[in-house]
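Trainee: The opening residue of the sequence shown carries number 400 in the numbering used here; numbering runs sequentially from there.
In short, the hints are calculated from the structure, not lab data.
None of the values given here were measured: they were computed from a predicted structure.
Every residue gets a Cβ at the ideal spot worked out from N, C-alpha and C, and that includes glycine.
Misleading hints may appear alongside valid ones.
No farther apart than 30 angstroms at their CA atoms in a straight line, the calculated lysine-lysine pairs in the DSS-like style are these [what the hints assert, rightly or not]:
| id | residue 1 | residue 2 |
| --- | --- | --- |
| 1 | K474 | K506 |
| 2 | K433 | K474 |
| 3 | K438 | K474 |
| 4 | K433 | K506 |
| 5 | K438 | K506 |
Derived Cβ-Cβ restraints for the label pairs, each shown as a range [to be verified]:
| id | residue 1 | residue 2 | range |
| --- | --- | --- | --- |
| 6 | S541 | L502 | 33 to 43 angstroms |
| 7 | E405 | L503 | 23 to 33 angstroms |
| 8 | P523 | D483 | 16 to 26 angstroms |
| 9 | E504 | R408 | 36 to 46 angstroms |
| 10 | E531 | G424 | 13 to 23 angstroms |
| 11 | R489 | L425 | 25 to 35 angstroms |
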Amino acid sequence: MPYTYEYPRFALGADAVVFARVADGLKVLLIQRKNEPFKGQWCLPGGFVDITETCDVAVHRELEEETGVTGIDLKRIDVFDAIDRDPRDRVLSVAYVGIVDELLEAKGQDDAADARWFDVNDLPELGFDHPEIVQRALTIVST
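Please put together the full structure from these sequences, using the hints given.
Mentor: This is how it looks when you write it as structure tokens:
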């Protein structure tokens, strides 16, 4: 089926906020981007939703592709739709949150140069609108 329209369309992404509640505090899993935009900066694992998949499928696929992490129960928390949230195009993102009780092994792969756990109180500068997404996810897990 062809997907051609007279009017411009936005792209759709899915981002995962995975927290680990461990003895020394709350950690979040981040990836270091291998490509522009924000090359070298830390971001949430995520990416574009393929035309043949749902957002729920895409967020798990992207998490696995970029970090190797699987089997996380992710819950949809919000849609982030600021006009300029991605410098490449008009992109909306559906954000998800999950919590684990250990620092799962994560390795940067695919378009992630690295993957690491960071203390939520000592985060590096994040690309895109990911600081806002992390803050929104924190309000979910702290209630």
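Trainee: Can the restraint linking K433 and K474 be considered satisfied, given a maximum Cα separation of 30 angstroms?
Mentor: holds (27 angstroms)
Trainee: Next pair to validate is K433 with K506; report whether the Cα-Cα distance is within 30 angstroms.
Mentor: Holds, because 13 angstroms separates the two Cα atoms, which is no more than 30 angstroms.
Trainee: For E531 and G424, compare the CB-CB distance with the range 13 to 23 angstroms and indicate the outcome.
Mentor: Cβ of E531 to Cβ of G424: about 21 angstroms, so the range 13 to 23 angstroms holds.
Trainee: Taking 33 to 43 angstroms as the hint, is the beta-carbon distance of S541 and L502 inside that range?
Mentor: violated (19 angstroms)
Trainee: Just tell me: holds or violated, for the beta carbon distance of R489 and L425 against 25 to 35 angstroms?
Mentor: holds (33 angstroms)
Trainee: Could you tell me whether the CB distance from E405 to L503 stays inside 23 to 33 angstroms?
Mentor: For E405 and L503 the Cβ distance comes to about 46 angstroms; the hint is violated.
Trainee: Sort out whether K506 lies within 30 angstroms of K474, counting only the CA atoms.
Mentor: This hinted pair holds, its Cα atoms lying about 23 angstroms apart.
Trainee: For the range 16 to 26 angstroms, tell me whether the beta carbons of P523 and D483 fit it or not.
Mentor: Once the Cβ atoms are compared, 22 angstroms apart, the range 16 to 26 angstroms for D483 and P523 holds.
Trainee: Take the C-beta atom of E504 and the C-beta atom of R408, compute their distance, and say whether it sits inside 36 to 46 angstroms.
Mentor: holds (38 angstroms)
Trainee: Is the straight-line distance between the alpha-carbon of K438 and that of K506 30 angstroms or less?
Mentor: holds (17 angstroms)
Trainee: Does K474 sit within 30 angstroms of K438, going by the straight-line distance between their CA atoms?
Mentor: holds (28 angstroms)
Hints 6, 7 from the earlier list are contradicted by this structure; the remaining hints agree with it.
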